[in-house]
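*Asks:* The residues making up each chain are set out below.
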Amino acid sequence: LRIKGNSMESKIRFILIQNRAGKTRLAKWYMQFDDDEKQKLIEEVHAVVTVRDAKHTNFVEFRNFKIIYRRYAGLYFCICVDVTDNNLAYLEAIHNFVEVLNEYFHNVCELDLVFNFYKVYTVVDEMFLAGEIRETSQTKVLKQLLMLQSLE
Amino acid sequence: MPAVSKGDGMRGLAVFISDIRNCKSKEAEIKRINKELANIRSKFKGDKALDGYSKKKYVCKLLFIFLLGHDIDFGHMEAVNLLSSNKYTEKQIGYLFISVLVNSNSELIRLINNAIKNDLSSRNPTFMCLALHCIANVGSREMAEAFAGEIPRILVAGDTMDSVKQSAALCLLRLYKTSPDLVLMGEWTSRVVHLLNDQHMGVVTAAISLITCLSQKNPDEFKTCVSLAVSRLSRIVSSASTDLQDYTYYFVPAPWLSCKLLRLLQCYPPPEDGAVKGRLVECLETILNKAQEPPKSKKVQHSNAKNAILFEAISLIIHYDSEPNLLVRACNQLGQFLQHRETNLRYLALESMCTLASSEFSHEAVKTHIETVINALKTERDVSVRQRAADLLYAMCDRSNAKQIVAEMLSYLETADYSIREEMVLKVAILAEKYAVDYSWYVDTILNLIRIAGDYVSEEVWYRVIQIVINRDDVQGYAAKTVFEALQAPACHENMVKVGGYILGEFGNLIAGDPRSSPLVQFNLLHSKFHLCSVPTRALLLSAYIKFINLFPETKSTIQEVLRSDSQIRNSDVELQQRAVEYLKLSSIASTDVLATVLEEMPPFPERESSILAKLKKKKGPGAVSVNELEEGKREAGELNGGGERGGDTHSPTSLPLFSQTTITHSFSHIISSSLVLEDRMQNVVKNNHKQMFFCF
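Taken in sequence, the protein lines are chains A and B.
Per UniProt numbering, residue 1 is the first one in the first sequence, and the count goes up by one each step.
Per UniProt numbering, residue 1 is the first one in the second sequence, and the count goes up by one each step.
For reference, chain A alone in the conformation it holds in the complex:
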């Protein structure tokens, strides 16, 4: 009987939103890295995903992990997970998250993520926490976000 993955590490190592030019629009880390390592990872992820096109899968082996990613217009949404994790589940977790952003920002565009960067973290924390999926119902997440929006 095999134990799936290393149970003491987070499932999700980090979540990144990057544009094609390599600018990071969101970096959420669930594992300890110092600033230099983070920068290196960001550059490597960018290098890996931007060379891929429609003939490739949405999964890339990356160091001892793997990256599940999808491109939405000019933005790459990347989730770095354990090699034993469920690829399609995380691919759709990304889509679920993007649909929430889209609803919350009313047809979200890259600039929304720039000017409201501090709110994007709130959205992330509603849906992901401690490297795990926290909430998947778009209805519930949006309800909560709208409530928070109304607070002073």
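Because the hints were derived from the structure by calculation, they are not lab data.
There's no promise every hint is true.
[As the list claims (entries may be wrong)] With a cut-off of at most 27 Å between alpha-carbon atoms, the simulated DSS-like pairs for lysine-lysine come out as follows: (1) 23/A x 26/B; (2) 38/A x 298/B; (3) 28/A x 298/B; (4) 140/A x 35/B; (5) 26/B x 40/A; (6) 177/B x 28/A; (7) 140/A x 296/B; (8) 43/B x 31/B; (9) 26/B x 38/A; (10) 40/A x 298/B.
If you're wondering where the values come from, they're calculated on a predicted model, not measured in any experiment.
Given chain A, put chain B in place with the hints provided.
*Replies:* What follows is chain B alone, placed relative to chain A:
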């Protein structure tokens, strides 16, 4: 500029961000930032106490500057002050700042923990969640010490709001991972497990991650979760599409929760209770059935969600490895995916089938797909998919299809990316050895490996082919002939010269009768490569030359002349010089009998050391292995010592005359003959490849 929300405005922040975006150069940006930093510094130091709104705005600006990539060395105190505000927007920014810019100043830590404590006991769910999220994001030892006792209480308390429970569960998970000694589950275990029955699916989703981690570390204490998980899964899988409204995603009920439940079940063996097991099997069958039904939606999100559950279910079926019917059905379903138009599915099917291949129940079913997999190897455009196909071929290989698979892998190797060649070479070598019935096929395969991917043929591989040829009488002539032919190629790889030099040195006599491979022809062939080779190869060739003198006295003068030349006896490399000098002397003074004794044919290599012995030795050191264990190891003679009367010899290096010892120690005596060496090597290479994979397109 997009509309900033009415709630908190922070117009100053929006203006600042615009300014930065409008900077035409890096220098301009730095200038603008420094200006702002100076402004903020003066505001923070100012006589007037800042109001909450301003503090929030400036802390947020600092955060933005930090996220742009500039160092921030102040603002922590102000951020911590924001935590004690009773306004959500101010608290939120405070918590965000300290979560992103974690500071290890003990005074700050004390203040932060104090603020968190207040928020946790505030009974305001929004504030409680902010505090819990901060702990989950930072997860420091100090926080664990302060709160590890409190959080389980919050998690299971009857009056805790659902959203707070979700956050508490995952917060506790984080603390457990970073400071397991401080999180004592004892009294909370059954109530935490019971969260699987919560009516709020989000709570279940969060709690199950906690339970899964705890189960992996304490399986016995948490085993009651199995039947609860099965019930929950069963209810989801059989639910109508109108149930679970909020948790239905593109017509798929609770896909992520279903996957998590299936994952939790993989921490345990199949349920012992018959009813529970029956219900679970029914569940798995339903999931497999659904995969065959026409889809409820054409959207890829629908099929991805459905298939996420399917793949996780198949993973569970493979983990149990006990339901032949389910295993075969899983295999058939994956077989269909092998030809799906979506690359993702083909990739996942290949990957999943690889594990199915090793189950005795499904191994044969997997083999039926060999043609599709071979086709994938040849035609897939994404290299990672081709690699999964190669892995699957390796996994499904057995006696019945070894020749076909090895041939396909060799052909793939001719055009494979450089990053995966070493792994492929090792795989082919292992398969060729494992399934060889006919050792001439084995020799051909290895020589082909050297020809196609010589640079990636590591020492372990070509040492192995030599060991096998030495130990098997029946293939020695064939090896000599084949290697002789291979050396004819104008540009042959140095590894081929090494193998060829060694084999001709030992067995060249077996083909010397044919004038096309007479002794002098063999010598000239080898010597023609000499100057192109590295020092270790030349050393090997010199040994071959002295062996030739023994085997073929007619070559003595020709070879002696070569040995005598300045480039040999005055060679700047000590090893080469020593060999040339000693071999030259040996050939002049030794009588034919002595020469024949010294240069006697190599004895068979010592038997394969059992892997158990090897592991024992590694753990305990060489002296720790008992005589009995050694005897057992000897009895584990491999198929490789197939040479009849030559099998079973164990010549230790020290029992042979001095000169032979030199040649042996210079050659292979340090190798413990075992294909397990190759397999170890392969595991290491595969691990390294995962790190380097992104270099291939």
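*Asks:* Given the hint that residue 28/A pairs with residue 298/B, test it: the Cα-Cα distance must not exceed 27 Å.
*Replies:* violated, 33 Å
*Asks:* Take the C-alpha atoms of residue 40/A and residue 298/B, compute the straight-line distance between them, and say whether it is at most 27 Å.
*Replies:* Distance of about 39 Å is beyond 27 Å: violated.
*Asks:* For residue 38/A and residue 298/B, compute the direct alpha-carbon distance and say whether it is at most 27 Å.
*Replies:* violated, 39 Å
*Asks:* For the pair supplied as a hint, residue 177/B and residue 28/A, is the alpha-carbon distance within the 27 Å limit?
*Replies:* holds, 18 Å
*Asks:* Given the hint that residue 26/B pairs with residue 38/A, test it: the Cα-Cα distance must not exceed 27 Å.
*Replies:* holds, 21 Å
*Asks:* Between residue 140/A and residue 35/B, does the CA-CA distance stay at or below 27 Å?
*Replies:* violated, 42 Å
*Asks:* Assess, step by step, whether the Cα of residue 140/A is no farther than 27 Å from the Cα of residue 296/B, and give holds or violated.
*Replies:* This hinted pair holds, its Cα atoms lying about 24 Å apart.
*Asks:* Given the hinted pair residue 26/B and residue 40/A, is their alpha-carbon gap at most 27 Å?
*Replies:* holds, 20 Å
*Asks:* Going straight from one Cα to the other, do residue 23/A and residue 26/B come out at no more than 27 Å?
*Replies:* holds, 14 Å
*Asks:* If you draw a straight line from the CA of residue 43/B to the CA of residue 31/B, is it 27 Å or shorter?
*Replies:* holds, 18 Å
Violation of the numbered hints given earlier is confined to hints 2, 3, 4 and 10; the remaining hints are satisfied by the structure.
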